[in-house]
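Residue numbers (my numbering), protein chains in the order written: chain P, 1 to 752; chain G, 1001 to 1151.
Hint data in this document are derived by calculation from the structure and do not stem from the laboratory.
Keep in mind that the hints are not guaranteed to be accurate.
What the hints assert, rightly or not - Each computed DSBU-like pair below joins lysine-lysine, with the alpha-carbon atoms no more than 35 Å apart:
(1) P:K705 x G:K1114
(2) P:K214 x G:K1005
(3) G:K1005 x P:K256
(4) P:K705 x G:K1144
(5) G:K1005 x P:K636
(6) P:K214 x G:K1053
(7) P:K214 x P:K599
(8) P:K240 x P:K312
(9) P:K425 x P:K369
(10) P:K94 x P:K178
(11) G:K1114 x P:K609
(12) G:K1068 x P:K599
(13) P:K394 x P:K242
(14) G:K1116 x P:K609
(15) P:K256 x G:K1068
(16) P:K214 x G:K1116
(17) G:K1116 x P:K636
(18) P:K640 x G:K1068
(19) P:K214 x P:K461
(20) P:K636 x P:K751
(21) P:K214 x G:K1078
(22) G:K1144 x P:K609
(23) P:K705 x G:K1116
(24) P:K640 x G:K1114
(25) P:K253 x G:K1053
(26) P:K240 x P:K256
(27) P:K94 x G:K1144
(28) P:K164 x P:K178
(29) P:K429 x P:K242
(30) G:K1112 x P:K640
(31) G:K1005 x P:K253
(32) P:K200 x G:K1144
(33) P:K609 x P:K682
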Amino acid sequence: MSDNILNVSRRGFLQGLVSAGALVLSVRLVPEALWAADTAAGSHVDGAAFHPTVFVGIDSDGTVYLVAHRSEMGTSSRTSVPLILADELDADWKRVKLEQAIGDPKYGDQDTDGSHSVRDGFVTMREAGATARLMLTQAAAQKWGVPVSECESDLHVIVHKPSKRKAGYGELASAAAKLPVPKKEDLTYKPKTKWRYIGKGAVSYDLQNLCTGKAGFGMDAHIPGMVYASVEHPPVLGGKVKSYDEKAPLLVKGVKQTIPIKPFTPPHRFQPLGGVAVIADNTWAAFQGRKKLNVAWDNGPNASYNSDEYRKQLQETARKPAKVVRNIGDVDAAFAKGGKIMEADYYLPHLAHATMEPPVALADYKDGKVTVWTSTQNPQAVQETIGEELGIPKENVTCHVALLGGGFGRKSKPDYAAEAAILSKAIGKPVKVVWSREDDIKFGFYHSVSAMYLKAALNEKGMPVAWLQRSVFPPIGSTFALNTTYADGGEMGLGWTDLPFDLPNHRAENGSAEHHVRIGWLRSVANIYHAFAVQSFVNELAHESGRDHVEYLLELVGSPRIIDIKATAPENDNYGGAPAEYPLDTARVRRVIELAAEKSGWGKRKMAKGSGLGIAVHRSFLTYVATVVEVEVDDKGDIKIPSVHTAVDAGIVVNPEGTRAQFEGAAVFGTSIVRSGAITAKNGAIEQSNFNDYPVARMNEAPYKTTVHIIDSDAPPAGVGEPGVPPFAPAICNAIFAATGKRIRELPLSKA
Amino acid sequence: MIQLKVNGVESSFDGDPNLPLLWYLRDVLGLTGTKFGCGMALCGACTVHQDGKAIRSCATSVSAASGKEITTIEAISKNGLHPVQQKWIEYNVPQCGYCQSGQIMQAISLLKEKPKPSDEDIDGGMSGNICRCGTYQRIRAAIKAAAGEKE
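Work the whole structure out from these sequences, hints included.
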């Protein structure tokens, strides 16, 4: 931390108060640690005595600086990824200081999404840690004039085994810095038995700051001379400003000026939506100024979008033959043979991310360069987007990554950061753009609305001999390319072309759907609706066949085996995981089902009237999850969730405590989807606005207790941030069926 | 001129008397521990204490707060950590942490009124505070621990 920068910041800040109409009689009300200022202080890693890779620097006092190159939005990435490096380096975590990376391709992929930070970091971080450890070992051997093979690390020191001599990492740093960086093939890795942190984890590096109000979120970024902005966006996607009142907003105390922002050029990608910005000397004044803008809009063709009519279209499409994305055997021939036929339609609405911290960014444009402080999951996308918007090289955009008050996919898309940069350039001052909750709900990149149709033919035992499934939704690709109406292989791979069932005849299809709002990824993405349809349908088949769901599900999964997904679904990309490393293994599917069933007392508990258990299993982001939900439904249909048991096989788990928290949170996130989550549009405009009409789960509605059972595994690490979400909705709906006999094929319950 | 007393420090303000206390704290005083979540008293992220009781600072104007003792997360404990903050750390409550200032301020206020809260008391006291990450069961456990109750 540079005290100078903070001091300058404080002084400027206090000067700024005068213009806001305040006279402060106190000293120092400004908090200790403004994180945005901390990151501006320059890299300790690059400045350290020894920094063999971009991820680690060791100073002569033994302080180990580690780079957190992924964003922290609550999933512990900022802690868990550097923790891997610290382990391989054999460093003392208490002597580690983290530094949040700015956006820079030298760190590789920094996009914190897709539940792959630990998965990627497990390779990169161990390499960096092993590199630094080997060089320190070589430096010690050189110092003592002994063979490297006689030296080894032991928590922040190198030990010469025969003589028991020791040298600390700090003491060795300067000498290590003079050595050549070893080749990858010369590196050795600690065996599992010597892991200090992997599998044991650590609490969040920021834990205490998060409990004392000192943590620096994007919302808290501040630099001297900055002004605040709020943007009135077109209510309909692609809408344009016809006219607005430039004068009236200026009558609001604190408002300085209004500035139009041009509409985007399709496809919208991450471009700002356009509209009119109000600049003011505090956030609230900017919000108030917007109310006086009286904008007249040209809404454009998306004004025809109405959720009710669109739903009918989706459901009609789902009943017609569509694009085949996976095929096994001959479904049509099998259906033609007769047998018991089961059919069901499922429907889920758009969802909004509703991160507790709405989108926010501070940008400072000077002489063709931009510095931005923001809550972003993807700082390199911030650089690219701002570079394109302002016509400057992306290298001229410095993106500091603040802590995120939630992400869930929304903050991978930096439209709000581009707004701040555009406005800063326009007025020649640093500008902080703050989205209101209403902006957040009405102008999201929404989780797709979806309709699914499933059909099965059952044999005399009630098992499916043919299984057809069709999924229709506006694809995420529509955000990036015009006229995209079909999902790509990656999106179809999210729980649709990777069914782990033993089916002689199976066909998965995808129907065409146009977008009328911005579509984006939301925590676990298409897995949400795909798992809902598939796992609900399994329950319908089990019930129809008079079978216990768990027993039926296990038979459906079949014997332990590796499923070659590519053989039947060539475009499935397996979340980018090589099939050799991350095969679809039905033994692991079975194990999580069995564990969740056992821990929840499945088949052994006597359930009271109105109570029931439901199960669902789903592999996503290469992690296997089975969830059993217990519900109590009262006479009025109100639901309580006394318990949730989730069994997780995520391969090697670096941070078990962080992982448990993710699955506890996923049950609450799932509860919101089930109970109340729905974004709808009328005449192209989103109808919801805030937590009154887009409710999310509160404490009294959330599961009372979620217990997470992590399977010990030596398989490569997989994702944990998202995979808890998909099985929750079908599990609870299956539980409601068990409790009441009421079948739920669409969500949320509040609209059913 | 509106006179305010925040964390024991007096200040005066001659801006818009309707300015919500939240924005006075954040944008004027620079006390950013109190968070903006909804602007309509629906989520509790902006919770502070007024004369020792939890209020929503986004729906309280500076003129309404005048003459009251306002306390924010930054000053909830004079020395070190407040016992509720200690339990928050012990139970590893936060994920993203954005709502937790408000959760902690609400919990401290609840425990003043109900030193041994039942589950119903906790639901009643805390359900106005949204946590989108879903840390509710840890919040409940931390509150019970702070009250000296077993989970």
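| query | Does K1005 of chain G lie within 35 Å of K214 of chain P when you go C-alpha to C-alpha? | reply | Judged against 35 Å, a Cα distance of about 21 Å means the pair holds.
| Quick one, are K1005 of chain G and K256 of chain P close enough, alpha carbons at most 35 Å? | holds (28 Å)
| Is the Cα-Cα distance between K640 of chain P and K1114 of chain G 35 Å or less? | holds (24 Å)
| request: Below or equal to 35 Å on CA atoms is what counts here, so check K214 of chain P against K1053 of chain G. | output: holds (22 Å)
| query | Taking only the CA atoms, is the gap from K609 of chain P to K682 of chain P under or equal to 35 Å? | reply | violated (41 Å)
| message | Check the hint pairing K1005 of chain G with K253 of chain P against an upper bound of 35 Å on the C-alpha distance. | response | holds (23 Å)
| Pair hint outcome, K640 of chain P versus K1068 of chain G [Cα-Cα no greater than 35 Å] | violated (40 Å)
| message | Just to be careful, I want the Cα atoms of K1116 of chain G and K636 of chain P compared with a cutoff of 35 Å; is the pair within it? | response | holds (31 Å)
| query | Given the proposed pairing of K1005 of chain G with K636 of chain P, does the C-alpha separation stay at or below 35 Å? | reply | Violated, because 48 Å separates the two Cα atoms, which is more than 35 Å.
| said: Hint check: K240 of chain P vs K256 of chain P, CA-CA at most 35 Å. Holds or violated? | reply: holds (23 Å)
| query | Holds or violated: K425 of chain P with K369 of chain P, Cα cutoff 35 Å? | reply | holds (10 Å)
| request: For the pair supplied as a hint, K1114 of chain G and K609 of chain P, confirm whether the alpha-carbon distance does not exceed 35 Å. | output: holds (33 Å)
Violated hints, in rising order: 5, 7, 12, 18, 19 and 33; the structure is consistent with all others.
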